[in-house]
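For the record, the sequence lines run as chains A and B. For the first sequence, the numbering used here gives the first residue as 212, with consecutive numbering after it. For the second sequence, the numbering used here gives the first residue as 726, with consecutive numbering after it.
Just so you know, the hints here were simulated from the structure itself, not pulled from any lab data.
Chain B is faced by these chain A residues, among others (derived, beta-carbon under 8 Å):
{"id": "1", "residue": "Leu256"}
{"id": "2", "residue": "Met487"}
{"id": "3", "residue": "Ser488"}
{"id": "4", "residue": "Gly491"}
DEER-style ranges, computed between Cβ atoms:
{"id": "5", "chain 1": "A", "residue 1": "Leu509", "chain 2": "B", "residue 2": "Ser985", "range": "44 to 52 Å"}
{"id": "6", "chain 1": "A", "residue 1": "Met212", "chain 2": "B", "residue 2": "Ser904", "range": "43 to 51 Å"}
{"id": "7", "chain 1": "A", "residue 1": "Leu509", "chain 2": "B", "residue 2": "Trp786", "range": "56 to 64 Å"}
{"id": "8", "chain 1": "A", "residue 1": "Arg460", "chain 2": "B", "residue 2": "Val912", "range": "28 to 36 Å"}
{"id": "9", "chain 1": "B", "residue 1": "Gln728", "chain 2": "A", "residue 2": "Asp337", "range": "30 to 38 Å"}
{"id": "10", "chain 1": "A", "residue 1": "Asn397", "chain 2": "B", "residue 2": "Leu801", "range": "35 to 43 Å"}
{"id": "11", "chain 1": "B", "residue 1": "Leu801", "chain 2": "A", "residue 2": "Glu231", "range": "42 to 50 Å"}
{"id": "12", "chain 1": "B", "residue 1": "Leu801", "chain 2": "A", "residue 2": "Asp445", "range": "23 to 31 Å"}
With a straight-line Cα cutoff of 20 Å, these simulated SDA-like cross-link-like pairs (lysine to any residue) come out:
{"id": "13", "chain 1": "A", "residue 1": "Lys306", "chain 2": "B", "residue 2": "Pro1003"}
{"id": "14", "chain 1": "A", "residue 1": "Lys306", "chain 2": "B", "residue 2": "Val993"}
{"id": "15", "chain 1": "A", "residue 1": "Lys306", "chain 2": "B", "residue 2": "Val1001"}
{"id": "16", "chain 1": "A", "residue 1": "Lys306", "chain 2": "B", "residue 2": "Leu1000"}
{"id": "17", "chain 1": "A", "residue 1": "Lys306", "chain 2": "B", "residue 2": "Gly759"}
Positions of the beta carbon are idealized from the N, C-alpha and C atoms, including for glycine.
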Amino acid sequence: MWAMLLTLPFLMGAIGGYTELATRIVVMGLAAMSLNFLLGFTGVLSFGHAAYFGLGAYGTALTIKYLAPNTLLALGIGILTAAIAAALIGALIVKRRGVYFAMVTIAFGQVFYFIAFRWNAVTGGDDGVTGWHRMPIDIGAANLDIYGDDKAFYYFVLSIFAVCIGIMALLLNSPFGRTLLAIRENERRARFLGIPIDHHIWLSFLISCTFVGAAGSLYALLNNFIDPRALRFDLSGNLVIMAVLGGMRSFWGPLIGAAIFVALQDYVSSHTENWMSVIGLVFVLVVRFFPRGILGVLRGRASA
Amino acid sequence: MTQLILFNVFNGLIVGAFYALMALGLSLILNLSGVINFAHGGFLALGAYFAYSLAPYLGFWGALVVAPFLTAVLGLAIERVLIRPLYGGDPLYSLLLTFGLAYILEDATRFIWGAQSLPFQVPGWLSSPLSSRFFFLTGYRVFMIVIVVVAVGVLFSVLTYTRLGMRIRAGTRDLDTVSTLGVNVRVLRSLNFGIGIYIAGLAGVLAAGLLGLTPTIGSSLIMPSFVAIIVGGLGSLLGTLLGGLLIGVASGLTAVFFPSASEAVIYVMMGIVLLVRPRGLLGEEGRLH
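Same shape as in the complex, but just chain B (with noise of 0.2 Å):
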């Protein structure tokens, strides 16, 4: 029992991973632009189908660095053509156009790859078992803990020591007052942006050594997402890992106990810290409206 429980909330550490990646470049973008970006999931999926193009020329270690960069050029593309004329403006337009996008890369990514799923070969010393006792500590999920870590580490000394990341935090509280202090908004919008999708490409290419490809792969994992920013806190970035890692967990204990819930209980978790602490576990107060 105890490994059952072990295993489930080590699955549930590993799924929670890939909320709170999603999670954070969707937070980001939202916190500077306001946008919501529907289509997060969709370009998490280029990312892996990326992955599993260049891998054949590059090996897994070159696909792992250059596909996240390739996803993040082309949202920087989309950005520029479709989504910066929005900002601004009502939300309404960049979630539907944002939705609208998310069905497009959906479809386009069956259209190149095929809709069945495709297997995504990961380096042989990667994926054996590290302890025979603990048979699912592989290496490739332990590797993929450190890759995390190590992502997350970067993405917050980055916000926290550089000027960019400077500016974009600024930017969240006020982004008039960057504006006047000479600032180019525009150029700030853009690099957050690609910065988020940059995440979500990585995020992509790590699960697909693990799950392998699917074109639904990104959009299974939008909702929880938006669950983890609003149990961790609008505006809070820590806030947002905390509830990815958080619900990924609940729903990996609620699976050795009551499996048929094991998805709906993340929902039930949100209700309850809506009801109880609405601003979310590390949110900010005054960013609810």
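Extracted from the complex, chain A is given alone in its bound form (with noise of 0.2 Å):
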């Protein structure tokens, strides 16, 4: 998988890609990797995490325009800013549970939403945050050229990426995270076991936010520009499908779906107006049909 990752830019070039696709697949696959830490590590149906993308790319967006011309300073506020807003819009909703969760993370979602379309002085409104652009990074000796190089900023890109997911990882390996499975599996019997649900969920729920804030950041700094459907609960699906797509059980499965939900949309976009249905088609087809997602079902061939 990382061998795949590392020449992945190359590998664009060869099937007729491009450097920007390769990094938005990276993006978008830790945005759908960190949903299932929640989604498929915990069993807890979160449809609002656009919300918390959407706040890491603004509070990026907003740094360097406003606050310092720095690209890691504003990395780190994109991700603060979602982790706060999760930690509290978490202790709010972390009692709800299933359908009724997912439609309080929802509606939740749309408050961003709104102050990023309204709030024009600041947020620029439906226009987007516009008139910056990351900045090459400049560590002692090394200076990294991430604005000018897109094949620099993709390995830098990959590197947030692989310590996000190095993290996660860790955690899922940890006591903590085999709880987190015991809640997914059992909450009744894990409750008896005499575990506190609502904060491993709440806890849950502010680490896969906060990692999905980074990947909002990221987003942020590979298009040099944000607006509102950063935050809309399109995306929201859009991560759920990928999640679900790749597979939710595995670890590595949203990344595949991501990689080729992202492929897919870039290709049927600009080459129909109707993506639309296409896309919604995709959500049909796989909940019919393909509701384990592709390593879930590799996976049931190789035991059976």
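Taking the hints as your guide, dock the two standalone chains into a single complex.
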């Protein structure tokens, strides 16, 4: 998997893609994998992750534009913004379960959409935050020109991705991660064992949203631009379908789902105006015929 | 100032009536089948466009009667083929399916009728103001409120007094027992779904007369409808109705004093309700989990 990711920009060139598409796949892959921390490994249905993705993105964009032209600082502030919002909203909704949790998360996501949409003076409203771009990183001896060099930026994104994924993998393999699995498998039994369920779900929500915020922040850096659409509930749905398409019971599944979804969206939207129908059809087909996802099916085959 | 406030409260009431109609249908389906119908706004738009296409042949009144019915028939077909196999499963899948369906319905509407907004003619005597002082009281708006009141009245009496309604209410509480007692649960769920879609279609026709037609007419109503359900309380249709009207009026009032927050205010209300009274205004205890 890592070998594939390391060579992706070159592979992309070979199959007629471009570096930016590879970067987008990694960014959306990080978002989908972070969502899956909650969805697949804690068993909590969140449908509002776009909010934290967008908050990370806006935090980053506004930092570079108004505060300081420093990419790493902006990244940190973006992630922090998402984490704070997630901690507060998580505390409000942590007692809800199932469909109800989904409904509350979607609805809360819209608050930030409307703030970004309406607060023209700061966020630029519908037009988004323009007139800024990511800055080359200057660490002592090395100067990383992630603005001018597409591939350098790709590897910058990939290294952030690796750090985030690494932390999540560590957490999932820790006793904390095992406890989350126990909650997913049988919440009542876990409760009887004395596990503070709500607290664990709150933590899982916070972790998941923080890393989604990181993805959002990278997304803003990738586009050198951000608009309210990065906060809208469409994106939340897309992230969930990426996780399901790839296989939400597996760690890497969502990345594969994201790769397929992003590539498909890129291809379809440049070939037909009715891309919404195609994307909608993907949702319907995945649910009806592929609910366990690609890795889920492969793994089922292997063990059978 | 008084007039401005009255105007906005009245406007809010109208918008709230749309939220309530949407949310009632959503609530019916959610309560009985545990499915959040994300495509509800798509069905609302279809109702509106059906009415637009039917009006030249059937007139406004004919369209008002037939369009919601057609929408419900289409809804039943979709329920039969796509949604029925998902009942009882992980709510994740029904949510994703209807999410995709919402994309498809919106795109299909745009494909068939075009992306530009279309006018929808209401009878002339309905569109004139009733009073020169209260200019916002057009006949159509009053008429709309009457229709909404009648529709909600009919819905609640069907649920209270007919056998079908009793079965739906019983099924909401305990579907297994209802099934054991010999009621065909599949048919019950389908009829219930059909009723929900019918209301959405009706709301669509009414909205078309007020706002004109755009393919996104329904998708902008879906989020506030969720809020209406949460504020009103899960499991209570009366609460949903109240929640819809309440957030409509709140949004209208906010538009007077702080226009840019008129959308966000309903989510703030939802936050307060979740904090102070998690089960919602009229929600039942124990339906939270």
